[in-house]
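Protein chains in written order, with my numbering: chain A, 1000 to 1072; chain B, 18 to 415.
Lysine-lysine pairs mimicking DSS-like chemistry, simulated, CA-CA at most 30 Å apart:
{"hint": "1", "chain 1": "B", "residue 1": "Lys193", "chain 2": "A", "residue 2": "Lys1063"}
{"hint": "2", "chain 1": "A", "residue 1": "Lys1019", "chain 2": "B", "residue 2": "Lys219"}
{"hint": "3", "chain 1": "A", "residue 1": "Lys1063", "chain 2": "B", "residue 2": "Lys267"}
{"hint": "4", "chain 1": "A", "residue 1": "Lys1019", "chain 2": "B", "residue 2": "Lys267"}
{"hint": "5", "chain 1": "A", "residue 1": "Lys1062", "chain 2": "B", "residue 2": "Lys267"}
{"hint": "6", "chain 1": "A", "residue 1": "Lys1027", "chain 2": "A", "residue 2": "Lys1056"}
Derived coverage of chain A by chain B (criterion: at least 3 residues anywhere in the stretch with Cβ under 8 Å from a Cβ of chain B; other residues may be distant):
{"hint": "7", "region": "1007-1016"}
{"hint": "8", "region": "1023-1033"}
Here are some chain B residues the structure puts well away from chain A; computed CB gaps all over 10 Å:
{"hint": "9", "residue": "Ser125"}
{"hint": "10", "residue": "Asn129"}
{"hint": "11", "residue": "Asp154"}
{"hint": "12", "residue": "Val165"}
{"hint": "13", "residue": "Arg171"}
{"hint": "14", "residue": "Phe258"}
{"hint": "15", "residue": "Thr282"}
{"hint": "16", "residue": "Thr397"}
Calculated from the structure, these hints are not laboratory results.
Remember, it's a predicted structure, so these values are computed and weren't measured experimentally.
Glycine is no exception: its CB is placed at the ideal position from the N, C-alpha and C atoms.
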Amino acid sequence: MSDYAVIITHSTSHAIRAEKILLSAGLKAKMIPVPRHISSDCGTAVRIPAVQVEESKRLMDEKKAPYDRVELL
Amino acid sequence: MSRQFMYGTMHEKDVIYLDNAATSWPKPDSVLEEIVRFYREVGANPGRSGHRLSVEAERIRMETREALCGLLGAEDPLSVIFTANVTAAVSLVLLGYLRPGDRVVTTSMEHNAVLRPLRFLENTRDIHLTLVQAGADGGIDPEDFRKVLTGDVRLAVVNHASNVCGTILPVAEFGKIASECGIPLMVDAAQTAGCWPLDMGKDNIDILAFTGHKGLLGPTGTGGVIFGARFDPREVTPLMFGGTGSRSEKEVQPDFMPDCFESGTADIGGIAGLRAGVQWVRERGVEVIGEHERNMTRRLLDALGNIDGVRIFGPLDEQRQTATVSFTVEGMSVSEVGMRLSDEHNVMSRVGLHCAPRAHRTLGTFPEGTIRFSMGPFTTDEDIDTAAGAVARIVHEK
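Based on the provided sequences and hints, a complete structural model is requested.
Encoded structure:
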């Protein structure tokens, strides 16, 4: 399994919101340009450790932060 | 004493600026510095290109959304939309939300930013308008508001405070009533955000229109609207369509917030300045700023009240109004008084109808209008004394 996953959003403002929520909760998150093989319409994604996927989804859903999907890198 | 406290690192000024209801001036140094810093160090178009500076610009915009939520009691920063000014925000909501045949409730104290779109919709889209009539001091009893909220009203829109005479309306009570009736309440907070307490959640405000360049101390070119948790922004058709840096493979406008209402390049330098303004307000506290402005209002009301021939309109009570005072001088046109204040005494005021003809009709000052003094966080006792002294001189010399 890859070390990382990316949170794909439809909008950079959504990506920033997601990043902020995860960082505020003490989780790891980093804005990156969307990897070429993954399609995203806004150009930026949030990279997280693969082990953090479930917890990140839970937190974003709880805080109503919109995202499209999470993909393993 | 208050000048020290309120100014911080402000520069001296010799202009007596009493037109803060039109736009606040001066701005805190931090606002100007932040605008310059943005253009010097960041400069990018937010969210468009994915490069580090573009992301930084988007971050600044997000922090401004968050700061506004914190100040105004909103939960979701993505529910904050930026527009060029509050007039654009009001037009966006009214023109985008109201459908033919809709019933709308508003008041007789509204600014033309609210009334002109509503009259246009009345004339072209068959909406039915009910204006709750305010009393001679601009106030409205919540029961008069309740009486007109029949089940089929689609929207109630009220100004929090009059830009003519400062009268504060009891929006929290209106919010409670509107909520009980299941009718969305929109509040025009142009005159109150930053100097009078507002909490969208507690006050049951569904749509809050704000301006960045008055009580929030940001630059002109900023403003917007915040949608409350209970209101679905998808019920508002955007007024502008275009590029959003999102869903770019599609030729149709995205339907999610905030992108759906933010096509094109934002005034990101201005928004950076607005962030600094909101921070300045939050650091000192709305109550502290409000208290200072109430002191200025009291001082002005007392001083003007002592001049023969001056008539003041509104509540004449600093606890019931913002720091905005309208008055007339017997036997003199408001234009002449305003010109002499500006040219001979360096006192900046605004005369006439203040884009609120309906409010002037309510107060009994239509069509001539009034002279309006409006104070802000940087107004001092000396400013008030000088301005009142100038009025006294003008009256004496007429």
